[in-house]
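Colleague: Sequence:
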Amino acid sequence: ELGKGFLFEARQKRFTFDEDHFFVDLVFYNRLLKCYVLIDLKIGELTHQDLGQMQMYVSYFDRYVKTKGENQTVGIILCRKKHEAIVEITLPKGTNIHAKEYQLYLPSKEELKRKLIEWSAKNLQCSVVVRRKKTK
Numbered sequence: 153e154l155g156k157g158f159l160f161e162a163r164q165k166r167f168t169f170d171e172d173h174f175f176v177d178l179v180f181y182n183r184l185l186k187c188y189v190l191i192d193l194k195i196g197e198l199t200h201q202d203l204g205q206m207q208m209y210v211s212y213f214d215r216y217v218k219t220k221g222e223n224q225t226v227g228i229i230l231c232r233k234k235h236e237a238i239v240e241i242t243l244p245k246g247t248n249i250h251a252k253e254y255q256l257y258l259p260s261k262e263e264l265k266r267k268l269i270e271w272s273a274k275n276l277q278c279s280v281v282v283r284r285k286k287t288k
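The letter at position 86 of the sequence shown is residue 238 when you use our numbering, and the numbering goes up by one with no holes.
Any given hint could be a false lead.
Distance ranges between label pairs, derived from CB positions [to be verified]:
hint, residue 1, residue 2, range
1, Ala273, Phe175, 24 to 34 angstroms
2, Asp214, Asn275, 43 to 53 angstroms
3, His200, Glu171, 46 to 56 angstroms
4, Gln224, Arg163, 47 to 57 angstroms
5, Gln201, Asn223, 18 to 28 angstroms
6, Arg183, Lys233, 30 to 40 angstroms
7, Pro259, Ile195, 16 to 26 angstroms
8, Leu264, Gly196, 43 to 53 angstroms
9, Tyr254, Phe175, 11 to 21 angstroms
10, Ala273, Gly246, 18 to 28 angstroms
11, Asp172, Glu270, 30 to 40 angstroms
12, Lys274, Asp170, 38 to 48 angstroms
13, Ile269, Phe169, 25 to 35 angstroms
14, Asp214, Arg266, 19 to 29 angstroms
If you're looking for bench data, these hints aren't it; they were derived computationally from the structure.
Virtual Cβ for every residue (Gly too), placed ideally from N, Cα, C.
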C-alpha cells in the first residue's frame with residue numbers, strides 16, 4: 153500500500169530521446185502532494201548507473217510532463233542491496249530521488265502453520281464472543 157492520494161498512471165511507461173527508448177517501471181501521481189512519483193525496481197545491487205537513470209527519468213518528467221503548479225517529481229529506486237556511500241556521492245543534496253532496500257521473505261512451513269493456528273484461534277474466540285452477545 154502506498155498511502156493516501158496515490159493514483160496509478162502507468163507500468164513500463166515509455167519515453168524516447170532521439171531514437172532511444174526508455175522505460176520507467178511504475179508511474180504514480182499523488183494528488184495530495186501534486187507530483188509524479190516514479191518507481192524503478194532493481195533485482196540486484198544498486199549501482200551509480202541506476203541512480204543516473206532515475207535522475208534522467210525525474211528530469212524528463214519535470215521538464216516535459218509536469219504542468220505549472222505541480223511539484224517536483226519524486227524518484228524511488230527499490231533494490232535488493234544499496235551502499236549508502238554510492239547514493240550519497242552520486243545524488244546531489246536535496247534531491248527528490250531515494251533508494252530503498254527490499255527483502256524477499258517467504259515464511260517457512262512451520263511459521264505458516266503457527267500463524268494459521270494463531271488466526272484460527274482468534275477467529276474461534278471472536279465467533280464465541282459474537283454468539284454470547286446474540287444469546288443475551
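Colleague: Would you list, in rising numerical order, the hints stated earlier that this structure does not obey?
Modeller: Violated: hints 1, 3, 4, 8, 10, 11, 12, 13, 14.
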